[in-house]
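**Student:** So the sequence lines, in the order shown, correspond to chains A and B. In this text, residue positions in the first sequence follow the working numbering: the first is 28, and each later residue adds one. In this text, residue positions in the second sequence follow the working numbering: the first is 39, and each later residue adds one.
Worth flagging that the hints you see were computed from the coordinates, not collected in a lab. Just to be clear, a hint being listed does not mean it is correct.
Here are the simulated lysine to any residue pairs, SDA-like style, with alpha carbons at most 20 Å apart [stated by the list, open to error]: (1) B:LYS90 - A:ARG71; (2) A:LYS109 - B:GLU182; (3) B:LYS90 - A:MET161; (4) A:LYS33 - A:PRO268; (5) A:LYS33 - A:ASN264; (6) B:LYS90 - A:ASP276; (7) A:LYS109 - A:GLN158; (8) A:LYS109 - A:VAL43.
Given next are the chains, with one letter for each unit.
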Amino acid sequence: MSHIEKPRFGIGLRRVHFDQLDQLGDGIDFLEIVSENFMRFGGRPRRVLEELRGRFPIIPHGVALSVGGPDALDGRYLASLKALLDWLEPPWFSDHLAYSSAFGVEYHELLPLPFTEEAVRHAAGRASEVQQRMDRPLLLENPTYYLRMPGAQMTEAEFIRAVIERADCGLLLDVNNVYVNAINHGYDPHAFIDAMPLERVRQLHIAGHDASGEFLIDTHGARVDPKVLDLYAYTLNKLGPTWSLLEWDHDLPPLAGLLEESDRVRGVGTRALGRAAAQEAA
Amino acid sequence: MSALADTMAPVHRLLRGELAAEQLAELFQVPASRALIYQSSARAHLDEVLAKNYASLRSVLGPALWQRICDGYFAEQPPSDFELNACVRALPGYLEQLRARGEPGIEAFHAELAELEWLEFSVYVSRSGEAAPTARTTLNPTLEILQTRFPVARFLDEWRAWEAGELESAPAPPLNEAPEVVFVFRHPASEEYAFARADPELLFAFKVLYDGLDPAAAAQAAGVETAAVERALDRALRLGLAVSDHHHQHQGGSP
Chain A
28 MSHIEKPRFG IGLRRVHFDQ LDQLGDGIDF LEIVSENFMR FGGRPRRVLE
78 ELRGRFPIIP HGVALSVGGP DALDGRYLAS LKALLDWLEP PWFSDHLAYS
128 SAFGVEYHEL LPLPFTEEAV RHAAGRASEV QQRMDRPLLL ENPTYYLRMP
178 GAQMTEAEFI RAVIERADCG LLLDVNNVYV NAINHGYDPH AFIDAMPLER
228 VRQLHIAGHD ASGEFLIDTH GARVDPKVLD LYAYTLNKLG PTWSLLEWDH
278 DLPPLAGLLE ESDRVRGVGT RALGRAAAQE AA
Chain B
39 MSALADTMAP VHRLLRGELA AEQLAELFQV PASRALIYQS SARAHLDEVL
89 AKNYASLRSV LGPALWQRIC DGYFAEQPPS DFELNACVRA LPGYLEQLRA
139 RGEPGIEAFH AELAELEWLE FSVYVSRSGE AAPTARTTLN PTLEILQTRF
189 PVARFLDEWR AWEAGELESA PAPPLNEAPE VVFVFRHPAS EEYAFARADP
239 ELLFAFKVLY DGLDPAAAAQ AAGVETAAVE RALDRALRLG LAVSDHHHQH
289 QGGSP
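All chains should be built: construct the whole structure from the sequences, respecting the hints.
**Tutor:** Here's what the structure looks like:
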C-alpha cells in the first residue's frame, strides 16, 4: 500500500485553457505540465506557471528525455530541465520508459524498447544518472507501444520492473496504457498490474483512447473508457491513496469539461479507496 | 553497433521515410499498420508545427507547393532539437536554398515572410520580457528588428486582413524590392506578438529609447519641439514597442 494519507487528483495544464484558469478550484489538488513546453519559454506560458506554482504542486512530465535512446544524454536538455525543476521544486519529475531520439534525430515520438537485458542495463543506467543530476526523484512511465521490438528476453512487466528497480527510481503507472497494451498485445491487464513494483508507484495516469480502428490508440483525446476506470479502481484498491492525473491532450474540451471528467475520476478513485479501507478493516 | 542500436536502426529508417512500413513489418514480423502509425505520427508532428508557425506563408503558397516544401524540409532538415518548434527555425533559410536551386514557385519574398512569422513566435515565447519593469519608458525587452528587401510586413498585414474578410481581394505578392524595417515584439498587455512597420516617427522613438535620452535632451539633439518627442514616445508605448512601469502594472491579473 502507498504511504501517503490522502489521495490527490490533478489535470494537465494546457495552453488552450489559459483564459479559463479562474475555474480551477478545490476539485484539483495538483497540475502536471509537459516539461518541454515550458523549459525554454518565457512570455505568457511562464507567467501563468509563475502564478499557479504558489497555488498547486506542479509536476513536470517530459516526453523528450529519451532514457532508452542510443545517443548520449543531451546536456542542453538536462540543463534546461534542471532549471525548471529548481524553479518549480516539484516532489518528483517524470518521463517515459522509451526512446524519442536516435542517430542525431529527434522523433518527438515515444518509441518502444526491446525487452532485453541490454536495454534494461542501458535505460536503468541513464535513468539513475538523470535522477542524480536532477537531484530529485524520477518516475518513469510505462508507455503504450504498438510494435513489439524483436529479440525480447523477458515480458513487458518484467522489463519495467527490472529497469525501475535497477535504476532505483519511481514508477508512474499509466492505467490507460496498461489497458491499451493489454488489448493490443493480448494479455490480462489485472495480472500486469499485479506484476508491477507497486511499492514504487508515486503517481497514476488515466486517459482516454480511440477504439475505432483495428487496434486501440492511446490518443489522450476522449473521456476515460469505463473499462479503464474499472482497472483504475482495481489499481487503487491495491495501491491505496496516491496521486492520480487525468491526461487530455487532443480535442480538448473547455476547462469545465475537463474538470467534470476529473470529478468522475475522483469519484471512482474515492469509492475504490473506501472499499479498500473497508476490506482492510474487516 | 550494439544489439540495441541494431534494433533501432530500421526504426530510424522507417521514421525518416527511408523504409516502408511493409518492409519494417516483414523485418520485425509485426502488422504493417502498426509500423505505419509511428511513421505517420513522426512526420505529422513536423508538418503540424510547420503549419502552426508559418500559417500565413502556408496559405500564400497554396497546398501543393506547401506540401512539396514540407516534404523537402523533412528529408533535408532532420529534426535535431528536443523542442519541436525549434526544429522549424531553419525554414526561412531552407526557402532561400530552394530558390537558389530554382525550385518553381519560390520567390525571394517567401523567405522574408517566413522570417517574419518565425520572429512572431520567437518574441511570443522570449525570455527577455522577464526583466524587472522600470519606472522609465524603455524599449520593449522582447523587441526584434527585421530588415527586409521586400515589403513583407505590409503584405502580411493585408493578407491577414483579407483572410479575416476585412479586404475584398487578396493583396498582390510583394515581388518588387521596397525595403522595410519591422519592429517585432510581444505586447506587454496582451502578451501576444505584434509587429509595426518602421516610419520616421517610430524610428525616432526607437533611437531616443535606444540612446536612453530624456525627451528634452532628445528634442534638443534633434532640433524639434519636446512635444514631438513625447508624441513619438506615446505612440511607441501605445503600440507596445516601448514599455513602462505603468504598462507592466496593467498586464497582471489572473492567468
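**Student:** Work down the list of hints and note, for each, if the structure agrees.
**Tutor:** So, going through the hints one by one against the coordinates:
About 18 Å separates the Cα atoms of LYS90 (chain B) and ARG71 (chain A), which keeps this hinted pair within 20 Å; it holds. The suggested pairing of LYS109 (chain A) with GLU182 (chain B) is violated, with an alpha-carbon distance near 28 Å, which exceeds 20 Å. Our distance criterion of 20 Å between C-alpha atoms is broken by LYS90 (chain B) and MET161 (chain A), whose separation comes to about 32 Å. With a C-alpha separation of about 6 Å, the suggested pairing of LYS33 (chain A) with PRO268 (chain A) holds against the 20 Å cut-off.
A hinted pair counts as satisfied when its Cα atoms are at most 20 Å apart, and LYS33 (chain A) with ASN264 (chain A) qualifies at roughly 14 Å. Among the hinted pairs, LYS90 (chain B) with ASP276 (chain A) is consistent with the structure: their alpha-carbon atoms are about 17 Å apart, no more than 20 Å. Between LYS109 (chain A) and GLN158 (chain A) the alpha-carbon distance is near 10 Å, which keeps this suggested pair within the 20 Å criterion. With a CA separation close to 26 Å, the supplied pair LYS109 (chain A) and VAL43 (chain A) exceeds the 20 Å bound.
Checked against the numbered hints above, the structure violates hints 2, 3 and 8; every other hint is satisfied.
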